[in-house]
Amino acid sequence: MGKLISKIPEGPLAMKWTNYKASVKLVNPANKKKLEIIVIGTGLSGAGASSALGELGYSVKTFCYQDSPRRAHSVAAQGGINAAKNYQNDGDSIYRLFYDMIKGGDFRAREANVYRAAEVSNQVIDHYTALGVPFARDYGGTLDTRSFGGVQVSRTFYSKGQTGQQCLLGVYSSLNRQIKNGNVKMYPRREMLDLVLIEGKARGIIARNLLTGAIERHAAHAVVLATGGYGTIYFLSTLAVNSNASAAWKAHKRGAFFANPSFIQIHPTCVPQLNEFQAKLTLMSESLRNDGRVWVPKTKGDTRPANTIPEEERDYYLERKYPAFGNLVPRDVASRAAKERCDAGYGIGETGLAVNLDFRDSIKKQGKEVIENKYGNLFDMYKTITGIDSYEEPMRIYPAGHYTMGGLWVDYELMTTIPGLYAIGESNFSDHGANRLGAASLMQTSGDGYFILPNTINNYLAEEIRVPKISTDKPEFIETEKAVIERINKLISIKGKHNASSFHKRLGKIMWDYCGMVRNEEGLKKALTLIKEVKDEFWSDLNIPGDSSDLNQELEKAGRVSDYFELAELLVTDALNRNESCGAHFREEYQTPDGEALRNDEEFAFVAAWEYAGEGKPHILHKEELNFENVEMKVRSYK
Amino acid sequence: MKLTLKIWRQKNAKAKGNFETYKMDNVSPRMAFLEMLDALNKMLVEEDKDPVGFDHDCREGICGSCGMYINGHPHGPVPAITTCSLSMRYFKDGDTIWVEPWRAKPFPVIKDLIVDRSAFDKIQIAGGFISVNTGAAPEANSILVQKKKSDDAFDSAICIGCGACVAACKNASAMLFVSAKISQFALLPQGRIEAKDRVRAMVEKMDNLGFGNCSNTGACEAECPKQIKLTNIARLNREFYKAF
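Chains as they are written, first to last, in numbering that gives the first Met the number 0: chain A, 0 to 638; chain B, 0 to 243.
It should be emphasised that the hints constitute simulated quantities derived from the structure, not laboratory data.
Cut-off 27 Å, straight-line C-alpha distance, at most; resulting in silico cross-link-like pairs (DSS-like, lysine-lysine):
(1) Lys-496(A) / Lys-5(B)
(2) Lys-15(A) / Lys-2(A)
(3) Lys-22(B) / Lys-494(A)
(4) Lys-147(B) / Lys-373(A)
(5) Lys-1(B) / Lys-496(A)
(6) Lys-494(A) / Lys-10(B)
(7) Lys-159(A) / Lys-146(B)
(8) Lys-494(A) / Lys-41(B)
Pair by pair, the computed Cβ-Cβ distance ranges are:
(9) Lys-525(A) / Pro-28(B): 34 to 40 Å
(10) Tyr-240(B) / Asn-208(A): 40 to 46 Å
(11) Asn-578(A) / Glu-19(B): 52 to 58 Å
The C-beta atom is built at its ideal place from N, Cα and C for all residues, glycine as well.
Please model the entire structure based on the sequences and the hints provided.
The following block contains the structure:
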């Protein structure tokens, strides 16, 4: 356990961040300009960090694979962003937000980090508002909030169903200001392909220019990964189809521990798969469950149109199993219940992998107009995709992979186990435990980028002021670049038959079937064998037309898929190792007699941080024990 | 469905492009348009041919990456959606579909259907921001904003920067795009302070990058997947006159 030092500051929970900031080392403004920082990714955390570091006077180099930083996948977040403003006078506070996150995460997150995320949430809202983010407002001109994710207070700020887009355009604008001022240099259409270490410290990256195929070396005094989650490991997920784990995985192979990889949130309300070429699953906001009733027919294989099935032949299974919360049970519970019904043969549609989300009763009770006001844009979106009018017949929904709570292990300063390498936003593991609370991802990722990293990174850089600009001619750059080129050549020269997507799809299906919503030892072991088989086929039967010295989207994709095979093996290993059920991780062997998750706090109240031991060698497990000094570990119950 | 695709293929910016014909069998009406292209590319890779290049990412109509001319319309024949949200159920068996990249001088073709839209970023860098440093923001409720104005600002702010407006315009004008950002900030008290500098800088940059002028045809509004309104352009003009 020697290597995991979480650096949690002394003092009471509410004073830790204040104490930390009061004692952290600072960097003289004149020295900041001489210090270079690389940031990978331009979502809320990456663009936020780039802006804030640029404002401080650091020389920042920011990279994204998209053609513009404005397209990072934070753009697709719908619901909202939490803050403990207590504008509603409904008893909210930083402590309550902290507690809801800790409990929602099923007591598998680090107290101090979570408290700090809640603490900076208010500054995040102030900052976005000042940047011109048009959050919803009340008639008196103040900011409006809504209740979200099954909590008892109204603390979620929102811009209709496009909160992520509006926040992202906010950070994009602050990033643009720093680009204009010359503090940030932007490198779009670049993909980080490896991390360069010099004397054990992160000193740069090897990137591929996706337009020209050129391999580039970029050096810096510190590197920040803001590369998002790895939900596309399931192939079908709510993520952007090019989202990937490659940068984080390459950093992992260079020494950054990967924590809790098997903690992945499955979102219950997504549009089900419609065809075999489906590229992604679109999320329908979970707010729909406020007025929609979830049901399947009581008879197996009932193919009658939903509207013709009489009331007494419908099974409103969430209301039946969870009378207290009904259709509003948390995401993981709702997802598993849908799977359970479909696996038992009660699913609807051609695939049998869908359940009804029915608004008939709400429309009858409240009128079509009220429902249209609340969900009009979602009903339109659903109709665009499926052609079905949900005012007339139920929506069909099914769970899909959504958010990865796991990620690179970081200490309180958001530094990974590699000195000078930081991970922020969804790419780290630290704040959501085993299950993320609704509207807490925009909050955490913004806080990391704008307010936390720009403070903590000084502590490291203060020791680096005597290090001159790092040359990219150093042997470490040359060696790492060579390894990158070798990997590319290896992929290109397979010259088999099939494209990368077809292997990705097969990997995704294995992960979804055996390491998705429900897992068991037998299935996980089988998954390890199956992954290996498809991985071997990938390395012998992949085809990438064209060459690497040009724009080549097949090559980009193949590189990402090749890394996913390796991450998949670790993900399954982590799920196998965690002999308990908690949050989104549900092991069939560990459940209560009535089918609910059975946590094992005695043995598993720890963060599983995995160390890469080399090609073909098993990962080494390091445990960070979680100490709950401020909350009592309780069993979540929604009965 | 059986379809005939006529797709613009162009190896790089300097190459002379041409339409290639592809026959597709077994296209399901439940596919999305880009999934149909995925299926074509899978086939091409299996034949060791160069797949069709196109930009795409979120596949749910919000990131603004995708965009192509389909049968003479940016983002295809269905109004108010992006290319990735276009379903194949809008086409019928035996159809011939013409697919082209955005055609506008400030958006040079990179490859096939991929164009360079970095000009949009350059316009935003010129002034599409409010100058507030992290940590300097006042308490969020200390500046009240009329709900109507805030809602209107949102309606302008939902532009996804896909470039359909420029592609649709016979003058390759970026007025709808620029006016959406100008309007968002013009409607909010936070944005008023720098309003004059902002509009001058963004319009100047837009002109320098070679975008054409607006002649009020309204093709941009008709083709915008997010239904950004022409009234934004009127507001941009007003803001511009006031800035001198």
